[in-house]
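Chemist: What follows is the residue order along each chain.
There are 2 protein chains.
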Amino acid sequence: MLRALAMASVALGPQAAGWARTMASHQLLVAPPEALRKPLSIPNRLLLGPGPANLAPRVLAAGGLQVIGHMHKEMYQIMDEIKQGIQYVFQTRNPLTLAISGSGHCALEAALFNLLEPGDSFLVGVNGIWGQRAADIGERIGARVHMMVKDPGGHHTLREVEEGLAQHKPVLLFLTQGESSSGVLQPLNGYGELCHRYKCLLLVDSVASLGAVPIYMDQQGIDVLYSGSQKVLNAPPGTSLLSFSDKAKNKIYTRKTKPFSFYLDIKWLANFWGCDDQPRMYHHTTPITGLYSLRESLALIAEQGLEDSWRQHRETMAYLHGRLQGLGLRLFVKDPALRLPTITTVAVPAGYNWRDITNYVMDHFDIEITGGLGPSMGKAILSGLD
Amino acid sequence: MLRALAMASVALGPQAAGWARTMASHQLLVAPPEALRKPLSIPNRLLLGPGPANLAPRVLAAGGLQVIGHMHKEMYQIMDEIKQGIQYVFQTRNPLTLAISGSGHCALEAALFNLLEPGDSFLVGVNGIWGQRAADIGERIGARVHMMVKDPGGHHTLREVEEGLAQHKPVLLFLTQGESSSGVLQPLNGYGELCHRYKCLLLVDSVASLGAVPIYMDQQGIDVLYSGSQKVLNAPPGTSLLSFSDKAKNKIYTRKTKPFSFYLDIKWLANFWGCDDQPRMYHHTTPITGLYSLRESLALIAEQGLEDSWRQHRETMAYLHGRLQGLGLRLFVKDPALRLPTITTVAVPAGYNWRDITNYVMDHFDIEITGGLGPSMGKAILSGLD
Ligand SMILES: Cc1ncc(COP(=O)(O)O)c(C=O)c1O
Ligand SMILES: Cc1ncc(COP(=O)(O)O)c(C=O)c1O
Numbered sequence: 001m002l003r004a005l006a007m008a009s010v011a012l013g014p015q016a017a018g019w020a021r022t023m024a025s026h027q028l029l030v031a032p033p034e035a036l037r038k039p040l041s042i043p044n045r046l047l048l049g050p051g052p053a054n055l056a057p058r059v060l061a062a063g064g065l066q067v068i069g070h071m072h073k074e075m076y077q078i079m080d081e082i083k084q085g086i087q088y089v090f091q092t093r094n095p096l097t098l099a100i101s102g103s104g105h106c107a108l109e110a111a112l113f114n115l116l117e118p119g120d121s122f123l124v125g126v127n128g129i130w131g132q133r134a135a136d137i138g139e140r141i142g143a144r145v146h147m148m149v150k151d152p153g154g155h156h157t158l159r160e161v162e163e164g165l166a167q168h169k170p171v172l173l174f175l176t177q178g179e180s181s182s183g184v185l186q187p188l189n190g191y192g193e194l195c196h197r198y199k200c201l202l203l204v205d206s207v208a209s210l211g212a213v214p215i216y217m218d219q220q221g222i223d224v225l226y227s228g229s230q231k232v233l234n235a236p237p238g239t240s241l242l243s244f245s246d247k248a249k250n251k252i253y254t255r256k257t258k259p260f261s262f263y264l265d266i267k268w269l270a271n272f273w274g275c276d277d278q279p280r281m282y283h284h285t286t287p288i289t290g291l292y293s294l295r296e297s298l299a300l301i302a303e304q305g306l307e308d309s310w311r312q313h314r315e316t317m318a319y320l321h322g323r324l325q326g327l328g329l330r331l332f333v334k335d336p337a338l339r340l341p342t343i344t345t346v347a348v349p350a351g352y353n354w355r356d357i358t359n360y361v362m363d364h365f366d367i368e369i370t371g372g373l374g375p376s377m378g379k380a381i382l383s384g385l386d
Numbered sequence: 001m002l003r004a005l006a007m008a009s010v011a012l013g014p015q016a017a018g019w020a021r022t023m024a025s026h027q028l029l030v031a032p033p034e035a036l037r038k039p040l041s042i043p044n045r046l047l048l049g050p051g052p053a054n055l056a057p058r059v060l061a062a063g064g065l066q067v068i069g070h071m072h073k074e075m076y077q078i079m080d081e082i083k084q085g086i087q088y089v090f091q092t093r094n095p096l097t098l099a100i101s102g103s104g105h106c107a108l109e110a111a112l113f114n115l116l117e118p119g120d121s122f123l124v125g126v127n128g129i130w131g132q133r134a135a136d137i138g139e140r141i142g143a144r145v146h147m148m149v150k151d152p153g154g155h156h157t158l159r160e161v162e163e164g165l166a167q168h169k170p171v172l173l174f175l176t177q178g179e180s181s182s183g184v185l186q187p188l189n190g191y192g193e194l195c196h197r198y199k200c201l202l203l204v205d206s207v208a209s210l211g212a213v214p215i216y217m218d219q220q221g222i223d224v225l226y227s228g229s230q231k232v233l234n235a236p237p238g239t240s241l242l243s244f245s246d247k248a249k250n251k252i253y254t255r256k257t258k259p260f261s262f263y264l265d266i267k268w269l270a271n272f273w274g275c276d277d278q279p280r281m282y283h284h285t286t287p288i289t290g291l292y293s294l295r296e297s298l299a300l301i302a303e304q305g306l307e308d309s310w311r312q313h314r315e316t317m318a319y320l321h322g323r324l325q326g327l328g329l330r331l332f333v334k335d336p337a338l339r340l341p342t343i344t345t346v347a348v349p350a351g352y353n354w355r356d357i358t359n360y361v362m363d364h365f366d367i368e369i370t371g372g373l374g375p376s377m378g379k380a381i382l383s384g385l386d
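First to last, the sequence lines map onto chains U and A. Here the UniProt record's numbering is used: position 188 in the first sequence is 188, and no number is missing along the way. Here the UniProt record's numbering is used: position 211 in the second sequence is 211, and no number is missing along the way.
Just so you know, these hints were derived from the structure itself, not from any lab. There could be a bad hint or two in this list.
Identical copies go unnamed one by one, so any copy, or any two together, can satisfy a pair.
In silico BS3-like cross-links for lysine-lysine, where the CA-CA straight-line distance does not exceed 27 Å [unchecked claim]:
| id | residue 1 | residue 2 |
| --- | --- | --- |
| 1 | K256 | K267 |
| 2 | K73 | K38 |
| 3 | K258 | K169 |
| 4 | K379 | K73 |
| 5 | K267 | K247 |
| 6 | K258 | K247 |
| 7 | K169 | K38 |
All chains should be built: construct the whole structure from the sequences, respecting the hints.
Modeler: What follows is the structure, encoded as structure tokens:
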């Protein structure tokens, strides 16, 4: 021990004596793990579950590029392009539009952390797992959470929402456009106007639907919209898309308390994403390569055009539904108008365990389809994105 | 309008009439952005700032691999390997060890959200920007935050910490091992024991120091340790490393309130990372390709060996410091024993503006070095990771 100390001190010069002491009085007790000696090997899978989806070649290539600084001007340029791409896919002119450095849940938290203050009334449409998650987060924040609960497969009508608005006078309503756990497409026409009549803001989750189903943030009066990178956009998980209307922004900028999270504090993020007139200040290190990929995925959908992407998903859905029904399978969502094109839910045929079916497809074809999630667990098989 | 509606309805069949109505009554008002038509072009930069650092070739390659599902067994295997890699670089046997799906700040929030409850006394060593950030987050959570403030370049002695512990009886102490804004290396020997004598947990930020400077989480009695992917590990930003001692785990599992964040709720994350005995449940979609890269970066340092990595950084520092001083430049941190090998801070020479210097190096050599950050802004030039 003493010898090691002495030797280390000599090698280091007197300046690093403290460091040498640290090394001399401790030992490496945890060895390099054996498992890390093996090369990384990733199987080739066709991902047809509810997400993530396979990456497009151009997106894949972007993810393998070298890192530059998160505050280099070229990075700011990429961020500006991402902002414009999000404005396009959301069909919004909101200046307060940005990508979040985290998954879909992180974007949901960013929305709720910034919009809700403790004690605020929060109305949540629950018809699967995502409403449950929004309600859970709302409760953590100390909002007064009111759930409108539908069975999986159901959706929320304008009339039901109006009752909830009248009864609970919420500051915010949460709806999921594409309920990926049940395969339901929630209609959105008229909900924004209705909310505004009751002085309520409308927050919509489009993680599983964006790019496949029409959405017009501004025209539909949606105040806060978020989506994920890893679904229709075919980008890797790790970033998400988020935009706020001026009304929503106003609620954020006039709140009395700071949001609990610094990482997701919209005032900081707005500055870093160039959404205010101030010079950009370091906030956190953004996922550089994830943003490269996100930029490319937005470029791809901008090239294709939203309407063409919607058409493509609609036609694929029609074909798939036809073939499934031709096989005698029953679709989980009864009303054809409410079926989500990205995620098709098939009622588990009587006498079968869903796990046997999804395992079979994975083991024989390296194709992912999955069972239900949350309330639809065991009731439906999900097959979706590609 | 009506014609479009009729045509769309025919094309869709009656089932998608709602969808057709949506399209017929709205228009694409936001055009595909011009800027996204240009190909993505990333300059070749040598990143010698305080982070992110350039990616190692093997890490780069991993980031360009195709995505598999976040709940596929191969992904669980990669996560297990990452856990073991973190245990190695942290020198810990803590079962509650995992990667966070976010940057260094996100890991800091994960630590504070889970460890602190409103009203808890939280002692923060501030000698640069990171202590300020920890204090900011602590205040958002409603902890009683007590700051021990040192000028940039200073560190916290055992005696000072003991005074703080005796006076404020905190449940948690925050220290930064590598204060990247000032270039200070905070000694850690004895701090864990001292904290435990005062029934306080020790939380250490090693974002800018891990892999370059000795740290022995278990032997040094550190209860919570986090680090980033994008510094010495040379992985892309977007994931971070986090581990909790049994004492820290116990505080989390006996808390009275739920943490404000669901995304960062350690009980959920512990389950998803296989740190409890329960079957893994979907929590959020992890940054799959970011985890590939993180796995490879941990494999690289495991191959090299921690002690060799420490030696390499120490020798590089000694060489760089010698050459800088040979040029007549003054190092910002006076005590050589307290200089951080990853980040060398040079006092801005009289008569120069730091921005001119960093811009010159960037414009002529495509090399990044940066100015100070937070309290050291304008006082020091940072040159660091490679
Ligand atoms: C509709 C919907 N909302 C939210 C999420 C959550 O996103 P993430 O898993 O990226 O956190 C998902 C993920 O599948 C989803 O389908
Ligand atoms: C010591 C230290 N702590 C925390 C952070 C924050 O990490 P991030 O920027 O990844 O959020 C940094 C980033 O430079 C750092 O150097």
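Chemist: Which numbered hints are broken by the structure, listed smallest first?
Modeler: 7
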